[in-house]
Amino acid sequence: LAKTTQPISMDSYEGQEVNITCSHNNIATNDYITWYQQFPSQGPRFIIQGYKTKVTNEVASLFIPADRKSSTLSLPRVSLSDTAVYYCLVQDNYGQNFVFGPGTRLSVLP
Amino acid sequence: NAGVMQNPRHLVRRRGQEARLRCSPMKGHSHVYWYRQLPEEGLKFMVYLQKENIIDESGMPKERFSAEFPKEGPSILRIQQVVRGDSAAYFCASSRDGAEDTEAFFGQGTRLTVV
Numbered sequence: 001l002a003k004t005t006q007p008i009s010m011d012s013y014e015g016q017e018v019n020i021t022c023s024h025n026n027i028a029t030n031d032y033i034t035w036y037q038q039f040p041s042q043g044p045r046f047i048i049q050g051y052k053t054k055v056t057n058e059v060a061s062l063f064i065p066a067d068r069k070s071s072t073l074s075l076p077r078v079s080l081s082d083t084a085v086y087y088c089l090v091q092d093n094y095g096q097n098f099v100f101g102p103g104t105r106l107s108v109l110p
Numbered sequence: 111n112a113g114v115m116q117n118p119r120h121l122v123r124r125r126g127q128e129a130r131l132r133c134s135p136m137k138g139h140s141h142v143y144w145y146r147q148l149p150e151e152g153l154k155f156m157v158y159l160q161k162e163n164i165i166d167e168s169g170m171p172k173e174r175f176s177a178e179f180p181k182e183g184p185s186i187l188r189i190q191q192v193v194r195g196d197s198a199a200y201f202c203a204s205s206r207d208g209a210e211d212t213e214a215f216f217g218q219g220t221r222l223t224v225v
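First to last, the sequence lines map onto chains H and S.
Per our numbering, the first sequence starts with residue 1, numbered consecutively.
Per our numbering, the second sequence starts with residue 111, numbered consecutively.
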């Protein structure tokens, strides 16, 4: 299972774009990259998933370079309610898909 | 389609008692994962189960903890002879399968307090 590394914390201001980068140097050919968001006292929830290049949904964008050794979650124009912990995961097909690292604690300031 | 249901939401146990945490996966999901989370910390993987099988229990403490996912009914995480250090939030997640692009859905968690 590919190990992931991401910043422990980040601060931003309302209305700014936030980019959180995750490193996964030993990602395997068939692995997918997934990001989850967790608010205090709640279970994590799925944000976005990608395999290569760029994926965009109504919440975020995910940028994956050609070598796939890193990925960047982009949150456009964050608001106070985006304050949460963001987890980057690498999923394989061997079953141990959902092993979470410490995540990135994003604080959005007014 | 109801989400992942965990009960109870809050559980208080005295030291030495048993704690039973229940998780009903989403309809159609046969894969269940349990996690423990201490305040201000990340999710720590405990165990991964499919119906009637434990697939990976590498995160489970060797003693006092057990998990099952029977053919019928919810998945159960059982903690025997609880100690204060077991106090934490326990989250359950379910997925349809174990594929590399599958999505996990989480419950709201059970907050265990050992007094």
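To be clear, the hints were calculated from the coordinates, so they are not data collected in a lab.
Check the hints yourself; a few may be wrong.
What the hints assert, rightly or not - Label-pair restraints from in silico Cβ distances:
1. H/S74 <-> S/R119: 15 to 25 Å
2. S/E151 <-> H/L80: 29 to 39 Å
3. H/L80 <-> S/K181: 26 to 36 Å
4. S/D211 <-> H/T5: 20 to 30 Å
5. H/S41 <-> S/Q191: 21 to 31 Å
6. H/L80 <-> S/H120: 24 to 34 Å
7. S/G195 <-> H/S41: 17 to 27 Å
8. H/R77 <-> S/E182: 18 to 28 Å
9. H/S41 <-> S/G183: 23 to 33 Å
10. H/L80 <-> S/G195: 15 to 25 Å
11. S/K154 <-> H/F46: 18 to 28 Å
Bear in mind the structure is a predicted one, so any value in this text is a computation, not a measurement.
All C-beta atoms, glycine included, are put in the ideal place defined by N, C-alpha and C.
For each hint given before, does the structure comply? Return the numbers of the non-compliant ones in rising order. Of the numbered hints, 1, 2, 3, 8 and 10 do not hold.
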